[in-house]
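S.K.: Could you build the full structure based on these sequences and the hints that come with them?
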Amino acid sequence: MADIQWREDQPIYIQIRERLVSMILDGRLSPGDALPSVRSIATDLQVNPLTAMKAYQSLVDEAVVEKRRGRGMFCLEGAREKLLNMERQRFLEQEWPHIRQRIENLGLNVKELMETGKGDKDQ
Amino acid sequence: MSAVVSAHNLTKRYGGFTAVDHINFSVRPGRIVGLVGPNGAGKSTILKAILGLVSFSGELQVLGMRPDRNRARLMQEVSYISDVAALPDWIRVNQLLQLMQDIHPRFDIARTRNFLDATDIGMKQRVSTLSKGMKTQLHLALVMGVDARLLVLDEPTLGLDLIYRKKFYQQLLNEYFDEEKTILVTTHQIEEIEHILSDVLFINHGHLVLDMPVEEIASHYVQLRVAPENLQAARQLQPIHESRQLNESVMIFENLARERLQALGQARTPNLANLFVAKMEGDVHA
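Chains A and B, in that order, give the protein sequences. Just so you know, we're using the numbering used here here: the first sequence kicks off at 1 and counts up by one. Just so you know, we're using the numbering used here here: the second sequence kicks off at 1 and counts up by one.
Quick caveat, the hints were computed from the structure, so don't treat them as lab data. C-beta atoms are modelled at their ideal positions from N, C-alpha and C, and glycine is treated no differently. Among the hints, erroneous ones may be present.
Simulated pairs of lysine-lysine, DSSO-like, Cα-Cα distance not exceeding 27 Å [unchecked claim]:
id, chain 1, residue 1, chain 2, residue 2
1, B, K135, A, K67
2, B, K135, B, K124
3, A, K67, A, K82
4, A, K54, B, K166
To give an idea of the chain B side of the interface with chain A (calculated C-beta under 10 Å), a few residues [said to hold, decoys possible]:
id, residue
5, K166
6, Q170
7, F177
8, D178
9, E180
10, S198
11, V214
12, Q223
13, T269
M.R.: Here you go:
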């Protein structure tokens, strides 16, 4: 019974969606696999079933998963590529400007930063 | 779908004291509704009226019936767990199950047994030997057996330890609740049920101060951590509540565009506990 820590900056259905997305991105769920049921998500994460449903609906809308009548939610062909594209897009539009700003504020050199990172890894 | 509970000008007076004052609300099927308010706000009176335990004025329909006139019929489809453990101490678990089967036309003893099998409660145990948490589980087991359309919970986890509290809500979500069931729950521990609720009713001094689906809160309320230089500008927008946190002001605004507020500080949606405090302290009836 793990304790669930929700962040306050995002609606919970978005955070549930993020968890499902990361399961698909890192390959724990492959095309054709069944996703956890709405009931089990609601129970495990102690959220309203409508919240869990909303997380799924957003993935259905983007044709990443599909609902099979009476059998639950399934991961669709090409889901990983689709999500990867969307996540890259989101990173570039929403996260990168902040990271870039932070790098500039701290007076860091991007080129050195990347190379030092590599340097550390190689040692 | 028609409402499970609908109240119109629901009023309850005890002598000269008005516990519930012309309240209007409705509860849709498939929802988990939290009725939240300080002590003496009128929560228990509303629950009692719904259960047909007190008379009232105004209109109140529960599953299409007037609870004060159709109580026996209504109780076939409504279950109730109160904060006061109401089971007789001397009765054994198996006797209690038998009793329920004898008196309740819809009670399914097998469902209750199934539920109890997954707990530490023994069939031959007397109620007096059960811990508080186990008594609550036993109540829940009886509720499972009745499979009622409306479940009313009055401070169901009061006095339970953390493990039993979590287990209680997990079992409720996993084994009882579905889109045809409705739960009406009161609690002081609003953090605990915040995420399982679909709607909230805040009540204070017999009046409703908030009646809203949880998912709509974000479009009506903003909590703003105000940057010091913007304090005056923010106050001019008339927050419904302001508190100080480590030298910073945290304000809650009602029905103001989020974009407008974001210019003045860090904006987010208040959690239910903070919104509750804001609405209670800003209540004009107080």
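S.K.: Hint by hint, say whether it matches the structure.
M.R.: Hints versus structure:
As the CA atoms of B:K135 and A:K67 are separated by approximately 40 Å, the hinted pair breaks the 27 Å bound. Taking the CA atoms of B:K135 and B:K124, the gap is about 14 Å. The hint holds against a cut of 27 Å. Pair hint A:K67 plus A:K82 holds up; C-alpha atoms about 18 Å apart against a cutoff of 27 Å. At roughly 23 Å between alpha-carbon atoms, A:K54 and B:K166 fall within 27 Å of each other, so this suggested pair holds.
This hint holds: B:K166 has a C-beta 6 Å from the nearest C-beta of chain A, less than the 10 Å allowed. Checking B:Q170 against chain A by beta carbon gives a least distance of about 5 Å; that is within 10 Å, so the hint holds. Restraint check, B:F177 versus chain A: the minimum CB separation of about 7 Å is within 10 Å; hint holds. The closest approach between the C-beta of B:D178 and any C-beta of chain A is roughly 8 Å, which is under the 10 Å cut-off, so the hint is satisfied.
About 12 Å separates the beta-carbon of B:E180 from the nearest beta-carbon of chain A, more than 10 Å, and the hint is not met. Against a cut-off of 10 Å between C-beta atoms, the interface hint on B:S198 holds, since the closest Cβ of chain A lies about 5 Å away. At about 7 Å, the closest approach between the beta carbon of B:V214 and any beta carbon in chain A falls short of 10 Å, and the interface hint on this residue holds. The restraint placing B:Q223 at the interface with chain A holds, with a minimum CB-CB distance near 9 Å, inside the 10 Å limit.
Satisfaction of the interface hint for B:T269 is found here, the shortest Cβ-Cβ separation to chain A being roughly 8 Å, below the 10 Å cut-off.
Of the numbered hints listed earlier, those contradicted by the structure are 1, 9.
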